[in-house]
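Number of protein chains: 2
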Amino acid sequence: MIRKYRIGNPIPTDSVIEDIPVSQDGIPYFNVDEEAKELSLFLEKEDKIFGLGETVRGMNKRGWLYTSNNTDDPNHTENKHSLYASQNFFVVLSKKRKFGVYVDTPGKVSFDIGYTSLDKLAVVFEDFDADIYIVTGEGVLDIVTGFRKIIGRSYIPPRWAFGFGQSRWSYMTADEVREVADKYEEAGIPLNMIYLDIDYMERYKDFTVDESSFPEFPKFVEEMKTRGIHLVPIIDAGVKIEEGYDVYEEGVKRGFFVKKDNGENLVAAVWPGRVHFPDFLNDEARAWFGDKYKVLTDQGIDGFWNDMNEPAIFYTEDHLGEVFEQIEDFKGKNLDIDSFFAFKELVGSIDNNPEDYKRFYHEYKGRKIRHDKVHNIFGYNMTRAAGEAFERISPDKRILMFSRSSYIGMHRYAGVWHGDNQSWWSHLLLNIQQLPALNMCGFLYTGADIGGFGSDTTEDLVLRWTAFGIFTPLFRNHSALGTRRQELYGFENIPSFRNIVRLRYALIPYLYSEFMKAAMGSRMLFKPLCFEYGDDRSSQVEDQLLLGESIMLAPIYTQNAEGRYVYLPEDMKLVRFRAYDDYDEEIMNAGDHYVRAGLDEILVYVRKGHALPLAEPGQGLEEVTASQLKYICYEAEPKSYELYSDDGISRL
Amino acid sequence: MIRKYRIGNPIPTDSVIEDIPVSQDGIPYFNVDEEAKELSLFLEKEDKIFGLGETVRGMNKRGWLYTSNNTDDPNHTENKHSLYASQNFFVVLSKKRKFGVYVDTPGKVSFDIGYTSLDKLAVVFEDFDADIYIVTGEGVLDIVTGFRKIIGRSYIPPRWAFGFGQSRWSYMTADEVREVADKYEEAGIPLNMIYLDIDYMERYKDFTVDESSFPEFPKFVEEMKTRGIHLVPIIDAGVKIEEGYDVYEEGVKRGFFVKKDNGENLVAAVWPGRVHFPDFLNDEARAWFGDKYKVLTDQGIDGFWNDMNEPAIFYTEDHLGEVFEQIEDFKGKNLDIDSFFAFKELVGSIDNNPEDYKRFYHEYKGRKIRHDKVHNIFGYNMTRAAGEAFERISPDKRILMFSRSSYIGMHRYAGVWHGDNQSWWSHLLLNIQQLPALNMCGFLYTGADIGGFGSDTTEDLVLRWTAFGIFTPLFRNHSALGTRRQELYGFENIPSFRNIVRLRYALIPYLYSEFMKAAMGSRMLFKPLCFEYGDDRSSQVEDQLLLGESIMLAPIYTQNAEGRYVYLPEDMKLVRFRAYDDYDEEIMNAGDHYVRAGLDEILVYVRKGHALPLAEPGQGLEEVTASQLKYICYEAEPKSYELYSDDGISRL
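Chains as they are written, first to last, in my numbering: chain R, 1 to 652; chain A, 1 to 652.
Calculated directly from the structure, the hints in this document are not laboratory data. All values derive from a computational prediction rather than experimental measurement. Any given hint might turn out to be false.
Any copy will do: because identical chains look the same in the list, a pair fits if it lies in one copy or spans two.
Stated by the list, open to error - Restricting the straight-line Cα-Cα distance to at most 25 Å, the calculated cross-link-like pairs of lysine-lysine (PhoX-like) are: (1) Lys344 - Lys358; (2) Lys48 - Lys259; (3) Lys331 - Lys260; (4) Lys608 - Lys294; (5) Lys80 - Lys344; (6) Lys358 - Lys331.
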């Protein structure tokens, strides 16, 4: 059951699509402290908290302070409070009680979950205006499904988006892209997407293609498509200020950019230098920007990723000017502890400064609203612009779309990737731990940058991460400018990479079926063990996942490990894959095990009474569709597995 | 057996005190590539690499690139190559072969341990000049002891330095220090040291005390000592440029500061703003600076910590001037991807810029040597200045001393703390993993900042970290300006903290005995399991430690964990302490176990045939000395344990 409560006078977010009347009762479970702008509840020792989407730390969110305040911060260390997304749904779970809470506000809100005090959960608002949904149900999965139903069906990508994708900031020319495709082909590693990061554009202008480095783009798109490869360009939130650039000129003329209090368009800067930000919260501006994607779909593009939409701000022109003036004061001085750090702070305040969010305004639902009040739904509405437009531009066929920034509601229009992570072993674990929390909030088409985006990677990390990544819907290797190259063909163990990625393709019938069932049924694709198993030990497991109905995963995420501990809540069949057609099976008893796994092995645990379909991977997606399936079963018949299939491209 | 080889014309470091003739044979195991300035060896799959002291990542160093290049960088994330120390000793270990390698060079050197290529270890030099020691022996412990014998006996602190210490950047006044002492007393938590961070000084001038905030300092030192508390002030590497300040004026007059190529004293900046750095590599300057510690020992101080001695440099005056000039070029421009990041890089180049190491020179052993060539022995020689002086100033009694920066050789004069870590769970694990590597390099009196220095901590992290920290010789809680307070009395579970810290005091007879035996016998205090157990599984364990002869530790280092997996290489007796006098014992069989441990429990595994002495902790160190011991034994007699005891203060 879901009840809706209201505090203050909330700005709507359009995240909930069901019309639920506001209850006049007091909010259950919580103490309301209007003065402190706080809702709080006493945590019992057994209470565990799950949810909040894409955040740092473990699955059980107790013991830290999480702040919804979308931020472009690539250092996802344990001390961070905010990442790119605001996904304000969580569940309180123990044997004694279970309920879900959705805090719907587009502004800044913190979740102090046993941080200040070990046994207190406090939701602390900047503005005490929000809709609060309390979700109850039989079990935690019911609660999640109940919540998911009111926020609407999750985005469904084309089936080809379950292939493997290679990215890099950036492949600079069409020839470089061809080389990537060639080398994957030579290595016998299937590939279905190559991502185009910012450098495909002409001077970082959205909806342009640099004609010198990517000549005859439509032909190139077609050429790649005949090789089974979709090109997926990036789109940024900022529109370059440049005379003669149509998007800029139209936006100015039609008043579609965000404005300062004095009515002038805000001048901020990102990749191209000075930009204006479209007012994605304004319906007309959103429709206008969304229609621009047609420039690229008309050239054959059928997938995009939206970036920098927190929005990331290198600087605002006004603040940069202030900083340069103040820098003068430090010149020639004896900079000591106070003045030196003041100088560092001054310069550090230039980029991604939350104070800049107070410098501009939106036209949102007929009101002029300062950005900081609706900050967390900006990226959501950029991606919504695209999603709504795709229904016009491509009414029959699905378009691939995922975004960096997000808010609940955006899950109807797109997936997300887990942002600019690092080539750290701890970020492989973070990837594992974020997945169920994202699913709870409606985001099903998700995945992290495999191998890590920032920092130099290592081959063993890429091997282990790829061995996990083959199970995530968005399966992409991506890395940053200046870091070690991490295309799989560049490493020493190409046969291992080939076997791992081909296993992904063999698994697509299962992964796609489970994805579609989760999307259609408002269910989770990745679950913590304790969402299905009621034993105490299961609720302690933070590094294993149930994936769909048939399998459990226990990935290796530490360097030099030749194995790991695995907890089995019931008997399972361990399948040790060396390749899709080379594996051993072993029945393992419920309980704790130390299980070895070589760098070239992928271990899957098949649950009792379940079957896992496997396809012949061939060289890519098409073969997978056509192939005969075989099944790995554990006390189940192949026919017990309900396969989902469709044409993979028609809108549903 | 130890053999010494020489490449090029190395600058001596004084780290090895035994006179070993240079062998004219080729260096065993390694390929020498003079052109590439590289020694390399092929790694077999089974080879594990241990050592390198205070570095990031796990115990087995395979899979990353470590660079000895002492650096003041507080973000100890997995991608870092250099921290504060250069400790160039490592062991190659497998069933088939085992040998130690010490690369003795004061300059920059990298250890590419299966990073570039999974099965190649390369030692890559900036200057191809070094002494290479190859150490062989019966087993890995023999190899370590063999190496430790040629570098001389490890530093031995006074016994009181095994008490608990509280620190903070900074306690600003004597009254604030008194309050800390009072609150610990009220909480019934023993405390033997309070650390004074930079603010006790007058304008951050070494060897001064601010008279307004710490009036009548000698009386205050005495007052605290009567309460059993030693005040331990910090000393920084930079000497403030200030007319009338004796250390500055003497240093200038006697030519004891490092100089630029033109003969002028280098002007750099740290806390007080502009400073000169003493030339610790110059014998006379070192003796002069060392004698300055007498200013404080004369006021009753008997312990110090040396900081900022990599050296940390906020800026050099010359480079800062250049930067301010170049900043002009960016003013008023449209800063885009190139120019914006160029601007950020320019400003980022101000502090701790390795290029600054080329701006100044030392007088070292009769030669003028540019700093970058001897960079890694700078902090070592600052601390050596103190250690050598203490033998003159305090010929009978030991003085507590530990340093942030270090090089092998410094272990004879002081301990180290693990530098400016963070309040991250991953840094509790890093603390565990760094200990044996530090021991291998001679550093026995070590410990990390418990609870984490940077970032806001959480009570559960402090509980778990303290429960591990009671086993480390240096047992100190320390945190940074601006972060959440983390004195133990400020949390909710004071009884748990009291029991944990008192257990430390009950363990002091054991810890001090094992420490002294390790120091006198050139042995390790903390060992990876596989240094004693030959089974395959032991060599996989990266989160458990053998501590001395009697016990094994398996700390909990993840948030919300109610237990953890533990591997027992043989049967052991698990002792589950709730307090020093409240515990259960249980025999556990060799093998893998999942073991529960509450936030208030400390688990110790007593090894078969061994005994663990326990004292009555009373309220502090004095009671521990006088008390009767009881023993927890596992198939052993109390008398089988060889207790070490001395007066705890006389030099040995």
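*Please write out, lowest number first, the hints stated earlier that are contradicted by the structure.*
Violated hints (numbers, rising): 2 and 4; every other hint is consistent with the structure.
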